[in-house]
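**Student:** Taken in sequence, the protein lines are chains W and H. For the first sequence, position 235 (counting from the first letter as 1) is numbered 235 according to full-length UniProt numbering, and the numbering increases by one without interruption. For the second sequence, position 892 (counting from the first letter as 1) is numbered 892 according to full-length UniProt numbering, and the numbering increases by one without interruption.
Derived from the structure by calculation, the hints contain no laboratory data. Any given hint might turn out to be false.
[What the hints assert, rightly or not] Partial list, computed: chain W residues near chain H (C-beta under 7 angstroms):
| # | residue |
| --- | --- |
| 1 | Y71 |
| 2 | D87 |
| 3 | D225 |
| 4 | L278 |
| 5 | S608 |
Quick caveat: nothing in here was measured; it's all calculated off a predicted structure. Where is the CB? At the ideal position from N, CA and C, for every residue including glycine.
2 protein chains.
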Amino acid sequence: MATPVYTPFVFLLLLFQSRVWGFPVRQTPQESPTCGYKSCHATKPGMLNVHLVPHTHDDVGWLKTVDQYFYGDRNDIQHAGVQYILDSVVDQLLKNPDRRFIYVETAFFYRWWKQQTDDMQNTVKQLVNEGKAREGDEATTHYSAVIDQMTMGLRFLNDTFGHCGRPRVAWHIDPFGHAREHASMFAQARVIRAHSNLNPAPSPPGILPNGYNPPEGFCWDQSCDDPPIRDDPDLEDYNVDDVVTRFLSIAHAQALVYKTNHIIMTMGSDFQYENANLWYKNLDKLIRYVNQNQSNGSGVNVLYSTPSCYLQELHRANLTWPLKGDDFFPYADSDHDFWTGYFTSRPALKRYERISNSYLQTCNQLEVLGGPISRKGPFGAGYSETMKKAVAVAQHHDAVSGTEKQHVANDYARRLANGWAHCQVLVSNTLSSLSGSSAPRVYCEHLNVSVCPLTETSKKFSVNVYNPLARPVSWPVRLPVNGTAYSISDANGKAVDSQVVPVSQATAAVRRGRGYAVNELLFQVQAPPLGYSTYSVSLLQNGPPSPQSSPLSRAPTAVQNFFLSPSFRSYSLLSLCASFVTLRDFLSSLLCVCFPRYNASDGNNSESIQMSGAYIFRPNTSTPFIISKTCIYLHVFQYNSICRRPTKTFKRFIPWFSPWVSQVVRLYTDSRALELEWTVGPVPIGDDLGKEVISRLDSSINSSGVFYTDSNGREVLQRRKDYRPTWNLRQSEPIAGNYYPINSRAYIKDDKDQLTVVTDRSQGGGSIQDGSLEIMLHRRLLYDDVRGVGEPLNETSDIYPEGLVVRGRLLLSLSPPATAADTHRPLAQEVVLQPLITFTDGELHPSTRLEFSGLQAVLPPAVHMLTVSQWDQDSVLLRLEHQYQASESKEPSQPVTVNLQKLFSTLDVLGVSEMNLSANQWKDEMTRLDWKKHLPKRGGDPSVWEVNLKPMEIRTFLLRVRQR
Amino acid sequence: MATPVYTPFVFLLLLFQSRVWGFPVRQTPQESPTCGYKSCHATKPGMLNVHLVPHTHDDVGWLKTVDQYFYGDRNDIQHAGVQYILDSVVDQLLKNPDRRFIYVETAFFYRWWKQQTDDMQNTVKQLVNEGKAREGDEATTHYSAVIDQMTMGLRFLNDTFGHCGRPRVAWHIDPFGHAREHASMFAQARVIRAHSNLNPAPSPPGILPNGYNPPEGFCWDQSCDDPPIRDDPDLEDYNVDDVVTRFLSIAHAQALVYKTNHIIMTMGSDFQYENANLWYKNLDKLIRYVNQNQSNGSGVNVLYSTPSCYLQELHRANLTWPLKGDDFFPYADSDHDFWTGYFTSRPALKRYERISNSYLQTCNQLEVLGGPISRKGPFGAGYSETMKKAVAVAQHHDAVSGTEKQHVANDYARRLANGWAHCQVLVSNTLSSLSGSSAPRVYCEHLNVSVCPLTETSKKFSVNVYNPLARPVSWPVRLPVNGTAYSISDANGKAVDSQVVPVSQATAAVRRGRGYAVNELLFQVQAPPLGYSTYSVSLLQNGPPSPQSSPLSRAPTAVQNFFLSPSFRSYSLLSLCASFVTLRDFLSSLLCVCFPRYNASDGNNSESIQMSGAYIFRPNTSTPFIISKTCIYLHVFQYNSICRRPTKTFKRFIPWFSPWVSQVVRLYTDSRALELEWTVGPVPIGDDLGKEVISRLDSSINSSGVFYTDSNGREVLQRRKDYRPTWNLRQSEPIAGNYYPINSRAYIKDDKDQLTVVTDRSQGGGSIQDGSLEIMLHRRLLYDDVRGVGEPLNETSDIYPEGLVVRGRLLLSLSPPATAADTHRPLAQEVVLQPLITFTDGELHPSTRLEFSGLQAVLPPAVHMLTVSQWDQDSVLLRLEHQYQASESKEPSQPVTVNLQKLFSTLDVLGVSEMNLSANQWKDEMTRLDWKKHLPKRGGDPSVWEVNLKPMEIRTFLLRVRQR
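With the sequences and hints as input, model every part of the structure.
**Tutor:** What follows is the structure in structure tokens.
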């Protein structure tokens, strides 16, 4: 090839954080002569240029845990050892400067990097040219966790490799569909991305042929069986001519469906390049022999390349490209193989990931608010890094997606638990410092199943409620207790209403001996923005709970609060579903909540052998079965007799639907939403049928085949039944083909009413009938769905040997469409960033500071403080988000201004620099390929202190701060 | 470790020939400071020293062909790519000078070496410390081919790596048993060998633990699943303590059964080290962490080592070691799993390998005798190298052994055919030069099945008989013809007796349309030593063969020659076997020849599930079935009516035993042996039973449970039924456990008679009953025997789609024991180095030289000219062998003297240097570890021209020659 000899390059994106990056020295990085696009091999304008992109795709956990993959342990499960991949690729790149490689899994690279000698680190620095971004799952991740993960990786790149390590393109090669929100985030991080694993579509530039695999017959990895290039004419089986002929034929065929005279071939796949010599030795030969054919007029030029070099050539072609406004969900790889099961798979892990992210944000905030004492304080050394890494790894498309093996899911959960353990020390240190009390702090992580040893036994304890939102919240607290009456006072010593109710039968079943509280103590707490409030609880009366002695009410009961007045008008009409609830806001609507199940396809089906599994949802009929047609019994409680304002009464209904599906309906004081707490499991499989349990809301709303889901917790997309916006769908799966990921909310509406459901985790759902919204809660399946995981999704554990029991919440609100966002935006935020409740036993010291806020003032309703995180000793990373879409609401959807200097109560802001979303580049330095039709440039802000936020905008700042 | 830093070493043995080695400059090679034993790491005297020997074991063909293995092609059959192994090991050795490796498969190394750049070749030269010898199969190889192969590999080592490349130990890690003759050859080549794959035996120094595999749990190849050393305490699953504990436990357990405080662990196995980083990265860690434990008093020292370093330490221990005089046959890996099937498996390939070696010796001789014109002459460019390589590769323990897959067997055969094609050009060039006739020379390679287009159609042709032996031979020739009478004259114009007989029905069946001769022309030829004689043949009379028109004789007929007088006394007594022949020499004995078969075990057996297969012989009963109890028909011919001396008449009997087993018994003029030509196949399998066909000779000899077989064609070993000389045998397989390899001959004897059978290839056989000798001829099996080959031994081909037909010869002689060797030694030699018969069509030019001998004089009967081969432009490699064992015979067993200057008729011998057997070291430079009880040193010869040979001695000389 006529290209000059460059140093070979490895392209990286890394996920984790180190602490060296210089700030606030805003030097423009030196342009390396061989950096970025300049390092691309020359192409030949008159020829078909084939860009060979050597790469590996290393799942950060799937069939093995992330560390098993790293070390190459448990190769009996899957042959994969990432430490060796990196060893080998670096060796091979040094052998021939023409060679290129992209490596994108920072979780692995970081581990490897740490183990290298200085010499090797310096060698690799010479090789690294440009980062590549690769993220995790797109369907089941929340945008806040994605941004954190991206930030961590790109920061490592900047710290380690400087300017040349900054990614210019994203590399998304295995998620099971693509979210629009991911595209938006990458655009704000100034990267372009390449896709794969997509429905057939007409050749957009970023969509790869062959998934992310090499063309057939050209896989030279140790894991492949394709014939190597045998070019020694003295030996048997010389095959150079055959290889060249096959390659030219494939290249010409591929060129037919692409727009330019540049095509890309991904030369690699899952965990490949462990012995990179096999690949490169043959690729070197391929390039040599194919290009030798140019002298015979072949017209094909092959070169080592990278995605950015390929995209640069597409950009140079100066063509007009189609814009895609919708997303790539649901993904299907065949008519009956819709990847919509994983939207719900492993619902417990999905919830644990979500709440861990909430804990992480709290941990980050308290690291900032506590200052150095947070990391080294009375309770020891606190760290946020472990949790950052654990949450980042959990974003992987085989982690939170639920498509890993059981032991790997356990490993993700263990990592999150480890992360939280380190964060707890940090949180204890900071709360001790802010409150002035060094009383031991107790964390009760099983409050959702009413388990907390302290509250179950203590006669006097205090409850600290930390609120990570930038506005005050009111939050219902339920604590497991064995007393029958308690007195509660708030931070100002004021008495707080409370109730004691017996724990539900469902709770007793789900907690499995981990606790023995007979009652729950319920009261409403308030907490200031970025701050805490403390409540004192004292036992008044011990003994058996009084409500249990009262006769079970079987009469329909109307309850209401200030906002809602649901009533159980008829629970004998259970032939269709279990209970009818009317929610009245300003409007009224008939709503039916029931729990049907789909029986999973076991593949014994005439049309296709596809089974339902971890990835794929495929019911064996389109009509779900009502799990129980009759109410087993219905507890109706009306208590808190001491409460004088009936409109503020807490109400609870406990409809039992079946021994393994139950629901508690709660209406909290001050809440605009009705809480449906569902408990599902162990799903019975004695009939040899896998089951997928949904919660279905049937209303009278005239939704006309349309419903709405959020994209990664942010923007909302319209979904239309049996329809895709940018291509003609021939629907082949009436249920699974109409399922979409619901990360935080979904709604249906007509002119008058909008029924919104806010979820507490990512789930799959659809609107199969007009007025109906169904959300899949839990799945238990008996067959592997043949997408590699090799296990049926049949979760059990030591605690639940007969099948996992899962509990969660759906929050329902009914509003006029024009103001619905005013309810669901803050509601979803409260669920994503929920208060952290901690306890101290006994009497608090009188000098204890019972209330604290980290903010000088409450922020406007539109402003969400997305990130508050210590960056280095003197600086804090801050992200402010406008949380409303334009015209989604009246007042809140207006642009809004925040003054950064007047933000924090404990920090002086000395300086500010705006950055791109992923915080790896100064905002005023960003340059980017200017794609036609894409991304109009935005001007800078006039003031650094006054920050204006437009709807849905996220702005990222690095603040130089000093503790007051 | 406290060892000095050396350059890392790779240890090699290579098989093929290059042409650079300096001669006759007899410089003593410079002792490199890090060469040989001096390169060994220091050990710790007070500790248990564990020698880790990284190695790979790369079959030169088995499940894949040798080139498929080399390139890593057909990885769907088996993952193995030797080019990558060598790439990878060299890379890894450069990374840490402590590392060591042994590589022994020269066939692969040679291919790889050729493809390397000068830089890489120089790098490897720096790494190479010492060669290692690894040979092929020990049971089914002939010593002449083994010596050739060893010579070729060691020469390549000398040429490429000089002194440091010379092996000091042999490395025999996979043959299925070990031959005593191999030990003898290695001793003469001055190497010591290590064994594996052996019957349980009490820890001799050279026998390895774990076969040649690493200890359980410590295999870190890409093909293994053992846990890697996970030594990063920050990651999950830190396991250093566990690894060290397991290793120490294994080391201590192994030390219990070895004599010294040095033990060896072979860290590698089949086709391992393709990604050597995996091995070395973990071995480096193992050594570091285990030796760190010395400070805790562990007392175990681990080091990278090699077999020679290990043996050096055993030698230093100055202990007394047991001597083993018997061999390691038959090998069994379990009570019912005797590896005695492969002694016969693929009988056609075994014959083709044997005759190819014969052709190669002829080719080598004619290259010397023809001089430069042999390699570039009237018929083009002739080469012996291709045949040398092909025969060398065929020695592999999955080649001639018959334990490879069918397509690999085909590949070995194709390589031999290619080799012979190149030799044919050389032979044609030389014969043209020696005879003065450039008439096109025709080769008929299917004479054994009476196919030769030239003789079938020509009315006048000449027959050239080249004799590669150093003494004249008389040889019966059978040519397919369509005439009924021919006149034949010898080189002196003298008429030669001949006969025309119809081709047998068996022949017609076996040739399958490849020829259409109806008759065979038979006559006896004589050829001078290392020379040829030419016979002219003219058609006298055409037409149908007269013998066919004569009525079939069914009467018993006595025939005799000067030596033998067999008679068919009764062929109606066929209830036991087919025919009774009495052979009379000076003695007489009743002999019965029959063809029973064993039905193969299909594994459905109460004691063990072992099936008969390519490796393993396991009959399902101990009593064989007589294939056919009645003669189908019996042709008896007495013709050649023109012959005036009845004692010189050629006699032929054709007993048909069954449609797929037949035998022709021939008695040739001047022959002391009776020829039994057997034709077996297609073996019927319609009854779903695999079959193993034997030829059994039942005599009245009182053999007392003893019989004798040769070892690799040379020395003879006594075998005793249900007995092993050096350990107590509990016989578990009465037939298979009494089978032994027969490379060239076997015999039974009593005080008066010795019945000797000379075979034309390696076969398995035994003496199950007194007086009986059985030889397995052909095997067709329906099950794989689960030793890896993965195919049943069920040979078919395009020509034999319904099952391979195999033809061969057994030569029987009956003699007094004291003089039996006088017959079987020369007889076996004639079969191993048989004359090459070539043809020219039409009348020869009168000036043609019709007879030639390359020797000045016939050598004494005891002297066999084992090797005559061009070494470089001016020199010839000569091996002279005393072919009798001491006291095996009277006169011939005496020491004998040869004068090297008076040897050749066409060459002046200008100088001579004696070398070791493998011709990689001057004899007077040989040094060797002086093992107690082993190998007394021999003094040099007084004269270089007068060469004395003691019984069984082989002496190797490099002669500086000039063509006369």
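**Student:** Can we keep the S608(W) interface hint, with Cβ of chain H closer than 7 angstroms?
**Tutor:** It is violated, given that the least Cβ distance between S608(W) and chain H is near 28 angstroms, above 7 angstroms.
**Student:** Would you check whether D225(W) satisfies its interface hint, that is, whether its CB is within less than 7 angstroms of any CB in chain H?
**Tutor:** Check passed: Cβ of D225(W) comes within 4 angstroms of chain H, closer than 7 angstroms.
**Student:** Do the numbers back the hint for D87(W), that is, is its least Cβ distance to chain H under 7 angstroms?
**Tutor:** holds, 5 angstroms
**Student:** Given Y71(W) as an interface hint, is the shortest Cβ-Cβ distance to chain H below 7 angstroms?
**Tutor:** Holds. Min distance 5 angstroms.
**Student:** Is the hint on L278(W) kept, meaning its closest Cβ partner in chain H is under 7 angstroms away?
**Tutor:** For L278(W), the interface hint holds, since the closest Cβ of chain H sits about 6 angstroms away, which is under 7 angstroms.
Checked against the numbered hints above, the structure violates only hint 5.
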